Amino acid sequence: MKEKDIKIIEKEMKLANEGLPEMERDLFADDRPSRIEPLNKYLEQFLNWARARSLWILAYGTGCGAIELRPLMTARFDAFRYGIAGRPTPRQANVFIIGGYASLKTIKRIVRSYEQMQGPKYVIALGSCTINGGMYYDSYNTINRIDYYIPVDIYVTGCMPRPESLIAGFNGLKKKIQAGQCDGMNKYADNFDWYKANQKQIIKDWNMPDYNW
Amino acid sequence: MDIFIKIIYAAISILVATLYGLILIGIVHKIYARVHRRIGPPVWQPILDIIQTHGRKVATSHGIMFFLGPVFRMAGGMGTYLFMPVIFGSVVFSNYSMAGDLLLVMYFIFFGQLGMALGAGEGGHPYSPLGIARGLSQMSTFELPFSLAVISIAIQYQTLNITTIVAAQQGGMLNWTLFTNPLAVIAAMISLLGMNMHSPFSLVLAPQEIPIGPPIEMNGSFLGILQTNRALFASAKLVLFMNLFFGGATNLPIMMLKTFSIYMFSVFIGAAFPRFRPEQSFRFFLRIPTLIGILSVIVIAYL
Amino acid sequence: MVNPLYLIIISLMAGFVLPLLDRVNRKLSLATFIGVLLANTVITGFWMHGFIQADLGTLSFSTAGFTAPLSINFQLGILEAFVLLAINLIGLLTGIYLLKKFNESPLAGMILFIMVVMGANGLILTRDLFNAFVFMEILSISTIAIITLKRTNESLSSGFKYMLASGIASIFFLLGVVFIYFFSGSLNLDFININFTDYRLIAVYMVAIALLIELKMFPVNGWALDVYESTDAGVATIISVINSTAIAFMFYKIMPLLPSNFLYIFGIIGALTYLMSNLMGLKQENARRLLGYSSIGQMGLLLASIIFTAGLEPVLRIMIVGGFFLNHLIAKTGLFWISGLIKKEKLKDWRVIRSNKSLMIMFGIFIFALSGFPPFAGFWAKWEFVKSLLAGQNILIIALILLGSLFEVIYMFRWFIQTVKGEYKEDELSIMPSGKVILTTLLGTLGFGLGILIMKNYYGFNFLFTLPILSLLFIYLIDFLPAKIKGIMSLGGLAYYGYYLYTLVQFENPIQILFGVIFLVGSGVNLISTLNRSEISKGFYGLLMMMIFSFGSLLIARSYLEFFLSWELMTIASFLLILRGKNAQKASLMYMIFSIAGAYLMMVGFGFAPELIGSSALITGLTYVQLPLISIILLALGFMIKSGVLGVHVWLPEAHAEAEADVSSFISAILLKAGIWGFLLVAISVVWNAPQFDVYYWMGWLGVFTALVGAFLASFQEDAKRLLAYSSMSQVGYIIAAISMLSHLGWVSAFYLSLNHMMFKSALFIAIAGVYYRTHTRNMYEMGGLIKKMPLSFISVLISIIAVSGVPPLSGFGSKWLMYSSFIERGWYLQAAVLFFASAVSFLYLYRLIHTIFLGQAKYEHKDVKEAPVWFIIPQYIFIGAIMVLSTFPNLLIKPLSAMASQYFNSNIVIDGYNVYSSYGHWNGNLIMLVTMGVFIVPLFFLILFIGKITKVKQFNIVYAAERPESPQTTHVAHNMYAHYRKALGGWGKPRIWDFWHGSAEWAHTMGDFFRRIYSGNGQTYLLHIILFFVVVFFLGV
Amino acid sequence: MKEKIDRLRKMVNVLQVVEKHPDLYFITLEGNQLVMALGYLKNTLNFKHLAFMQAVDYLEDNKFMLTYMVYNYELKANLGVNVFIDREESSMFSIHRLWEHAWQYQRELYEMFGIDFPGSPRVDEPFIMESWEEMPPMRRDFDTLAYSQKTYFPRPGRETNDPKEQMKKAKYPNYPDSPKIRRDDE
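Chains A, B, C and D supply the protein sequences, listed in that same order. Under numbering that gives the first Met the number 0, think of the first position of the first sequence as 0, with each following residue one higher. Under numbering that gives the first Met the number 0, think of the first position of the second sequence as 0, with each following residue one higher. Under numbering that gives the first Met the number 0, think of the first position of the third sequence as 0, with each following residue one higher. Under numbering that gives the first Met the number 0, think of the first position of the fourth sequence as 0, with each following residue one higher.
Incorrect hints may have been included.
Unchecked claim - Far from chain D, some chain A residues (derived; all Cβ distances over 10 Å):
1. Pro37
2. Leu38
3. Arg69
4. Met72
5. Arg80
6. Lys104
7. Ile130
8. Asp137
9. Lys174
10. Gln180
11. Ile202
12. Asp204
Unchecked claim - A partial selection of chain C residues facing chain A, derived with a Cβ cut-off under 7 Å:
13. Thr151
14. Arg777
15. Val952
16. Val958
17. Ser999
Quick caveat, the hints were computed from the structure, so don't treat them as lab data. Predicted model only: the values in this text are computed from it and were never measured. Beta carbons: idealized from backbone N, C-alpha and C, even for Gly.
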């Protein structure tokens, strides 16, 4: 079989959704995420330009770092002037800020929310805990490397990083987006099985579909 | 040939109105930011947002009705706009006002709302019907003072034809309905608060209660269309109010000035008041504004 | 002509001979017994035949070779012959019915039976007062004896009470006779020719009171109830029918002697008896006692009718009195017989009757006959009686009688419904003696035939007006065929009927064609949905066709009676159709009660209306008469009850919800329009002959608030059909308000709305029927997400609700536009605002309907639900197609409708191409459609272009605050969806009208119970009643 | 306070009384008398408020110590009630009928230490450790570092410093050692 054919078959392959009870399998979609190529280079450049100026954060504080988002959005630092706005639903947001440590319980929700975001989507990992576990590196309950579970575009170090560093992170993200280097969505689709295996390794009661559309 | 020119005119008219509506929203953001002592986003931020949402590469759909919901909404906004004359005496901006009168416009507003409600309903998210139930209920209550105001001005001008109503208000500021029939205008302006869904009447989107209500499942281009419509629809409503109560407009700058002022009315009230609970909002509309509306009808019809 | 003496002689002879024959053989005596009764019947039959053949006048037969006044003389006229035939026939049939019993009991029974019949015959025939007394005594004593034959404690005690009462009555009678003789010098009724005024009054008064006591008038009738309760069915028949008839006839004979003010009081007593005994009957649970109350009531009615028809021409009088008499005779005999067959005391135990189909049908026939439904004699009698009472301005009597009749209908139908629909177990089956069943069936057929006879011969109704009944009978004959065949036959029949009406009857007015389309074409399309029935569906198509043909008759009725007849037939058919629903007991009873109340209002309203001139259809005929205000109000109220206007709407949701799925659409879409049609007819009359008082202004308000309240109530329903029912109420409110405007534009919008409502409401009801057929639930919160399973139904519901809501571009907007324009034009500003509010509220229930059923979360149990059956889909799409065509080309409809309305008003709308101009605004339906399509297509293409890669997800793929949904039930927002609105409405959201009607019902029952207490069951109390009655009535009269 | 404890003594066997502070006493009771004592404390001695409950793992003694901290609003004083329970068959009476909110603490203790409270509502539902399959993580014989390294993909190259040493080395080389803080239990 040719490589091309294998790709097509992989694309069409449905997810097993084995974590779900038989009754519920009809209620969840079982499509695999797939790689999406841009239509046109110049159009994509234009869109990236716009994307970089309209960053919609998912309003989901996954850890203690979420406390830094309040000063970021309010009068002191006013991130809205850069086109950074909050959005209450992952369907509409395109930036996901992992706010610090991700516990076992949270990582499940992070994965779900990340998968429910519609690409192109970007992840900012905030604080040391997301990089190597930070001060919780030896905790039984805190994951050490967030990029083993979802693709990350920008890390902001510190414990806690102040809003200024967060804004710096956003600026970095903007530059990356405008340069067309933020391709987390496709990375996730390409390495879907690897990510999924990592996730499943720690989330033992996997009671959701393999990909939360 | 005539038809093609008409279509081109309509397209121009809609484009202008949409851009104007988007800028209007941008200005509102700016004003809110200034009230908060922030700098605020650029006024063209809504346009960037729309490009961004349309630029999403993937989208999820819950079915045909979900797919068509935003289309219905947009059609409702475009239709509402197109069935109104925007600028008095202008050929380009007279739109399709010959298709019907004020009643048509009032009912076409529902077209988009109903379609969107159905689309959001198919999304299956519980917040959608919650928001819609709130929205429909509130809509039914603020329609009452509004319809009383409309009836009042229909009696006043002996017509339901918007162009004629505008024509009757020409020739000086004192000919505006605002001064000839102030009670009706008060009732209508209060119901405009409900229509614009700024706080204290922001029951539908209610970010802290049912974030963000009906469009919670809308993503990508669906959202983009909804946002475009939000701008167009806002300007359509403002144009309607301008035509009915504030003497209409004879050229584009006047139109922008007037609609901007009308919009600021609800914006400032929205910036100053916290949100009502649903039943408080319904009761509010069914009390004072309705009484003012009834009074306006009685004053015009029988006194 | 046989000498009437033979009647007496044969009976007396038999009395002597029977013991001898019985010695020989019981069979022989039984044969003689039947022979005597048969001979009586045959003789009276010959007389009747003779009188019908030739007008012989009245014949007088004297006895003992002398002529009156020297001897006792018998008078025999057509009246006597008729009554004699009737009671002898009943005597014969009852004799046969009791044959088995007589075979086993002592001989005395037979002899006493013959004596009763003889006493009754004598009482009817004789003209001599003292002789009458003798016969009365024979009658009473043999009745008492026959009661006590049963030898149970109850029957002995009731016989004793009877004896007490009849003893006093006899004393009064005898004293009265003595006084009469003393004052006038004669005992012969033909020769008493003085005026009984001043002190001489007491003479006739005593005689009359004696007869009233014997006739069991209120309140001196406590003893009679015990008698009815304790005796055998056959004996009760004798007392209720033979005995009472003879005494009533006696009263008729002494009537000329009575002064008119006393007659009036006696008449009121009769009517009051009817009212009170029916009121007390409300609370009864014992079948025999219930029948007793009914019998007493009927006697009161009979008495009132005898008295109040005194001035009428003889034929009419016979029609009325004879109608009541025969109706009572047949129905009551039949019911008593059935009670003998059932042998159950409690009303609810009568459900065993369902084991015998023909008996059950007969039971229904008797109940319908007793309640005064066409085609039975009671219907015609009541109609004519009310008319004649109205001519005499006796409003009080009408009120008493109609109220009494309403109560009678209530308990009769409650009984009927309990019996027909109650739960019953197979092992409760009791084997009925087939002979008696045949007898009962014979009796029922007799009653039915009699009614038809009156209908055909007295009134000479057109074939078309009997068609509903004939179709019922015909389809009953072929009821064994499968439902599909019957359905297709019905459809064919309906098509031919429509064609026939259109071509041959020649509608006089285009409005008839409009309503013809609503009634007949609408029914035809709706009929398709019934083809889904796979079982035989016994009785369904007969009733359905009866209803549909009645609609047709309503259209072409040329007189009030034709209209009312068709109306009542429609009521019967629709009632029975509703009753077919699984849990329709309460619903159908409420429907019946409200329908009957409405029908009575209409009856009185028609009675007040002036006579029509010529024989054109009502829609033309009514334009030439000026209806008095009272008539307008009553008729309008009657029609509004049928269309479910605010205040009397309580039957509507129940009936819609509980009727079978495919019947509901008929009720909502078409039956309600019958009310509209009637309302329109009244309005047409008003347009030409305006009344002094602007009653239509208030009806307009009523309609407006119906629309608003209906919309609110619909929004708060959990049951899909109930929601649609309230929605119908709301829409009917619009129509009523629009008609009430009495303006051109108003009527155009009313017509437009009527047609539109028929189409979208049919489509909605059929769609919901399809959903119900698949999901087996009506609760909307138990459904959800069916759009993927039933897309076709979804589309039709979608189009329909857009049409209901009035959102452009569909046809609903046309109606809204016309309506608001007309309201503003007419100057009804505040009404228009309320309607705006109502139509905004209607979005609430419409969204709820479509969302909770088709959108949101699908349930596990509906995983394998399929699209509705094709028979449900076809009619929906016919309606949807029609809606779409009319939406695109609204002038197809507006033009003819405008022409219809401009017969009555000056047209003030201008139609220019696709433009419609009113004096206030304009509307171009076609352009709106095009623009809407344009603005719809542009964003659609835009979306398709820009959407990117789209993934179709399933119902649980929702953003659920980073969680996943627990189950569809907890994720679907459906139950109590508008709780916040209800909360906001506060006290305004309470069902006050329900409370009012419940309170009324409660009150009536309490009153019934209260009055029932005066019958303590104690003989002495009864005597006290009699004495008090005697005194009070006397002083009332003086 | 003392008086209250004396009154308690009449009811139950108080093994040990420690006064940390005039407003803070700790007493040790026998496990089977705990519920009775707490009930008496709550209803009669007016310790109306259960501030918290906690467990300490005495691995060496093979015991858990449970501490119930109750508070008296009149005295404005805390009383810690300690009981020792067996570590192997760790189980204690539930007190959710005395203080309804205790069920939440008991659920947490069940999850973190594996101490069972029979009859306590929802005691076996996961509190924060969804899908935890190892031994209860707060037990001292559970090696979290090893578990974390085994499970959570540790990022190589990480350096861990003692904050005190690090600060001293990097910023304040001349800073004197702080006097050793004496702790009561030493």
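Now the hints, each set against the structure:
no., hint, verdict
1, Pro37, "holds (32 Å)"
2, Leu38, "holds (36 Å)"
3, Arg69, "holds (24 Å)"
4, Met72, "holds (28 Å)"
5, Arg80, "holds (35 Å)"
6, Lys104, "violated (5 Å)"
7, Ile130, "violated (7 Å)"
8, Asp137, "violated (4 Å)"
9, Lys174, "holds (25 Å)"
10, Gln180, "holds (22 Å)"
11, Ile202, "violated (6 Å)"
12, Asp204, "violated (4 Å)"
13, Thr151, "violated (66 Å)"
14, Arg777, "violated (25 Å)"
15, Val952, "holds (4 Å)"
16, Val958, "holds (5 Å)"
17, Ser999, "violated (51 Å)"
When each numbered hint is compared with the structure, violations occur for hints 6, 7, 8, 11, 12, 13, 14 and 17.
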